[in-house]
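Fit chain B to the supplied structure of chain A, relying on the hints for placement.
Chains as they are written, first to last, in the numbering used here: chain A, 5 to 796; chain B, 917 to 1085.
Derived from the structure by calculation, the hints contain no laboratory data.
Note that this is a predicted model, so its numbers are computed, not measured.
Some hints could be false.
Some chain B residues near chain A, calculated using beta-carbon distances under 8 Å [as the list claims (entries may be wrong)]: (1) P958; (2) R960; (3) P974; (4) E978; (5) L980; (6) S984; (7) Q994; (8) S997; (9) L1003; (10) I1005; (11) R1008; (12) Q1028; (13) T1034; (14) I1039.
Listing some non-contacts, in silico: residues in chain B with all C-beta distances to chain A over 12 Å [claimed, not checked]: (15) E950; (16) Y998; (17) E1027; (18) N1031; (19) G1044; (20) E1059; (21) D1063.
Per label pair, the in silico range of CB-to-CB distance [stated by the list, open to error]: (22) A/V580 with B/R960: 24 to 32 Å; (23) B/S1064 with A/N623: 52 to 60 Å; (24) B/R960 with A/P579: 49 to 57 Å.
Think of the CB as a built atom: it goes at the ideal place given N, C-alpha and C, for glycine as much as any other residue.
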Amino acid sequence: MSPGKEADASMSKRKKKTAARRKKASPPKQRRWFGKIWRLGLLLVGIFTGLMLPWVIYLNYQVTTEFEGRKWDLPSHVYARALDLYQGALLSRSDLELELKAAGYRAASDASRPGLYRVSGSTVDIYRRSFGFHDGFEESRKVRVRLGSGKVTAVSSLPAGQSLDLFRLEPSEIAAIYPLQKEDRTLIRIEQAPPLLVTGLQSVEDRNFKHHPGVDLRGILRAAFANLKAGKAVQGGSTLTQQLVKNYFLTHDRTIARKFNEAIMALLLEAHYGKSEILEAYLNEVFLGQQGAFAVHGFGQASLFYFDQPLDRLEANQIALLIGLVKGASYYNPRRHPERARGRRNQVLASFAETGLLTEAQARQQAALPLGVTEKPRTRGTRYHAFVDLVRRQLAQVYQEDDLKTEGLRIFTTLAPLVQEKAQAAVSEGLKQLEARGLSPTLQAAMVVADISTGEVQGLVGDRNPNRAGFNRAIHARRQIGSVIKPLVYLLALEHKQDYSLVSRIMDEPISLRQADGSAWSPSNYDNKSHGEVTLLEALTRSYNQATVRLGMNIGVNHLVSRIQQLGVQANVDPVPSIFLGAVELTPLEVTQIYQSIAAGGFSVPLRSLIAVQTADGNELVRYPLRMVPQPNREAIAVLNYALTQVVEQGTASALPGLLAQSGTIAGKTGTTNDRRDSWFVGYTRNQVAVSWVGEDDNRPAGVTGSNAAMQLWGRLFRQLPIESVDLRMPDGAYWLWVDRNSGLLTLEDCEGAVQIPFVDGSGPAQSTACMSARQDDEESFWRKLLGKKKQ
Amino acid sequence: MTHWPRQILAWALVLLLSGCASTAPGPSATQQPEVEARVREPARQDSDGIQVFPLQNPAVKELLADASNAEQTGDYGQAASYLERALRIQPRDPEILQSMAEVQLQMQDYEQALNFATRSYDIGPRVGEICSRNWRTISVSKEYLGDSKGSVDAEKKAAVCMNTKPRGL
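Bound conformation, chain A alone (with noise of 0.2 Å):
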């Protein structure tokens, strides 16, 4: 009808009413008592709408921006590294088990399901779960690994048994971003979700969802008859819409006011948006268990929560179990009170039986299963915090902390958790074992280990409680670093071809220098000995302070400087002579980018904990791709790091081999600051560099060394990670020659005391040895004797 012919049809209801009145005119008092009932009923009605608009409008209002707001409030997730598994991996047993629960699996007697995988020996069935990876999606996948002698000898899949070249774990998820009110979920869109469970809800609680407005009269009648019947309340009576409301509002008075606003509210909901978009909202909505401090909404999250599986894996049983947490999700918690959780699990299964949505038969059959639930949900929250706190700070360049809160970002990171745990352990223990040996119990320690081609953060330490969330030392504390800023000076040196080569000697012999503010500068060496000439490789591998700033003051401080800043570092350094001794305070991840550009011959690569951002479904939003930064002179790089080698060969690391399981060629330098306030120590194999440090937090002394107490930790974490030998190829420009150890001298592979050194292109030693030059007068005899020529 238009609207138009309404207003005509009305018009003439109205015309036929009067008409009607005129001809039956009642009696005067029958017309005074109507006038004043419907002088009454119109105030009334002014009073209710007068009072009573203003509230729908509020209460629309309210119902409306929760359901609108609330739809994209999601958490960000956090996740590690995938872990690559193929032929040759360097991976123990115990690491790949590590690594499995670290992503949230468990161990069983069949790798029946993702999520499950099970030893025996040396193989490891893993039955893995179906993810998006940064790179693309992968669908789940049973493989057999076989492991050996610290490797990975064989991957395949199962059942067929057919080998495979590549095949990755999906990452475990290392921390969320939550908005305030500590929530998670895990969003399921309505086409997603199992049909049995959209029906199944229906069925239980409310069968008339399709057809009521928002409101069951009928639903609240039978409800009503059967309370009556019971004598106590059985059934209610709300529909999904209610339900919604109320969770919207989570308040558990049961007042009529609170009843009749969620009514008011129900039919607003309704006319406001369609019934697919409502179940959509309540299947995310509903509140179906607590973690601790984290509310668990809807059905997605709860399928993660109590079965560890998505929600389109689960079986008739297990979709019937959160339905019947609907009702009650902690007084049917089925963790704590199995029985009456099963108890209500088969109610429902019957249910859905008696509405023909499983035949009896099967209903029957999985009312019989156990309820399947795990033992314990999988750990929340954030499990590394230092690291998080990398990604945080990486991130925020970027992004709002609120669209991290609100967004459902997917953060793919660089951490390793097998390094990580190892790392954290290695601190933890540590410094333990250090307080044994009596250093003081309140020592304070960090750690950052990086992939040294990938500029890749795999894990990191900032204090020496790793579950502690706080002061992160491996990013904030900037502390002296003492003789790790040694090598830039050697490095200085190298550069200066023409000057210098590593058997370069100079003087370790008392200095003094003239401060700006007009004093002395007096520095002694550790041993308080001067050792005299020396050659560049033992000063430094040695760590002589004497010889180190005679060094550096024939370089320049200013050098120095802008070197550090060359290498990655942008902190304000003061161009003091007490450089070359390390008075800059730098942070641990300042000092592993320095070291970073070094270890990658001259390549660095800023440090970076993060790969990719994507959107909650899976929209890749930033990609953090790999950057090199060449460094001028990679000839003189390559020829320090063989001096770094020999720091840990016969210098003041020298105890590190003793501490680790493996032997390899490791580069290193030790760092010990004024009055043994820090302990650094900077160590790098063919992949990985590492850096620890330990201290005071408020800066008193120690009596920590580099190698009493930092290297200690380093040598701890390595002893657990797998040694690959430093590269000591040299690049173009520089070359190995053999020299005498004591003169320095050109000479040859067999004569006495001949040593293989690197060296810059030009700065080789110009004269040889004897033994060297009567070898070349003998061969040169040989070719005399050859061509017949008789000597002069």
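Then chain B, alone, in the frame of chain A:
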């Protein structure tokens, strides 16, 4: 009268689209042949069948193949992603680094192409086909970066990849 804004909008859209079409051709259209023609093909010819590659891990091989397929379809970001994954497995593999350099060339990031090729050369065999690809990539990159002398020098170095014994081994 009311149709005017809509018409203007439509014309603006047409102009905008035609502008896009004429000024921004897909990089794959021009770059793909260049990397092939100026880096890979001549390097193949130089090497004359001599390969100096170390034995390759099958996992890395698979990723290199994936990267190559992604590159063929013009999805350079994905190609780079595969190569990064390969680098996590073998961080010092000159072949992966050189492939990355070529993908950077495709993405017209000449600075990174130069850096990856240089790193590949530094830790690579410094002879044979890969050496030739290293220098040819460096040459093309330097040319785009405006260093024509450096580009010519690099081209010359590519030629000697086949007949010099590398130092420092």
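Now for the hints, and whether the structure bears them out:
About 21 Å separates the beta-carbon of B/P958 from the nearest beta-carbon of chain A, more than 8 Å, and the hint is not met. Violation of the interface hint for B/R960 is found here, the shortest Cβ-Cβ separation to chain A being roughly 24 Å, above the 8 Å cut-off. Proximity of B/P974 to chain A holds as hinted, the smallest CB-CB distance being about 4 Å (cut-off 8 Å). The criterion of a C-beta within 8 Å of any C-beta in chain A is met by B/E978, whose closest approach is roughly 5 Å, and the hint holds.
With a cut of 8 Å, the hint placing B/L980 at the interface with chain A is violated, because the nearest CB-to-CB distance is about 11 Å. Restraint check, B/S984 versus chain A: the minimum CB separation of about 15 Å is more than 8 Å; hint violated. With a cut of 8 Å, the hint placing B/Q994 at the interface with chain A holds, because the nearest CB-to-CB distance is about 7 Å. Interface hint at B/S997: satisfied, since its Cβ lies 5 Å from the closest Cβ of chain A, which is below the 8 Å cut-off.
The criterion of a C-beta within 8 Å of any C-beta in chain A is met by B/L1003, whose closest approach is roughly 6 Å, and the hint holds. This hint holds: B/I1005 has a C-beta 6 Å from the nearest C-beta of chain A, less than the 8 Å allowed. The closest approach between the C-beta of B/R1008 and any C-beta of chain A is roughly 6 Å, which is under the 8 Å cut-off, so the hint is satisfied. At about 6 Å, the closest approach between the beta carbon of B/Q1028 and any beta carbon in chain A falls short of 8 Å, and the interface hint on this residue holds.
A cut of 8 Å between beta carbons decides the hint on B/T1034: the least distance to chain A is about 6 Å, and the hint holds. Interface hint status for B/I1039: upheld, as the beta-carbon distance to the closest one in chain A is roughly 7 Å, under 8 Å. Separation of B/E950 from chain A is adequate, the least Cβ-Cβ distance of about 21 Å exceeding the 12 Å criterion. With a cut of 12 Å on Cβ distances, B/Y998 falls inside the contact zone with chain A, its closest approach being about 7 Å.
Listed as a non-interface residue, B/E1027 fails to keep its Cβ farther than 12 Å from every Cβ of chain A; the least gap is roughly 9 Å. Residue placement check: B/N1031 does not keep its beta carbon more than 12 Å from all beta carbons of chain A (closest about 4 Å). Even its closest Cβ contact with chain A, about 16 Å, leaves B/G1044 beyond 12 Å, as expected for a residue assigned away from the interface. Every beta carbon of chain A lies more than 12 Å from that of B/E1059, the smallest distance being close to 18 Å; the non-interface claim holds.
Annotated as non-interface, B/D1063 keeps its C-beta farther than 12 Å from every C-beta of chain A; the closest such distance is 14 Å. A beta carbon spacing of about 57 Å between A/V580 and B/R960 contradicts the range 24 to 32 Å that was offered as a hint. Between B/S1064 and A/N623 the beta carbons are some 42 Å apart, a value that contradicts the proposed interval 52 to 60 Å. For the pair B/R960 and A/P579, the beta carbons lie near 52 Å from each other, so the given range of 49 to 57 Å is met.
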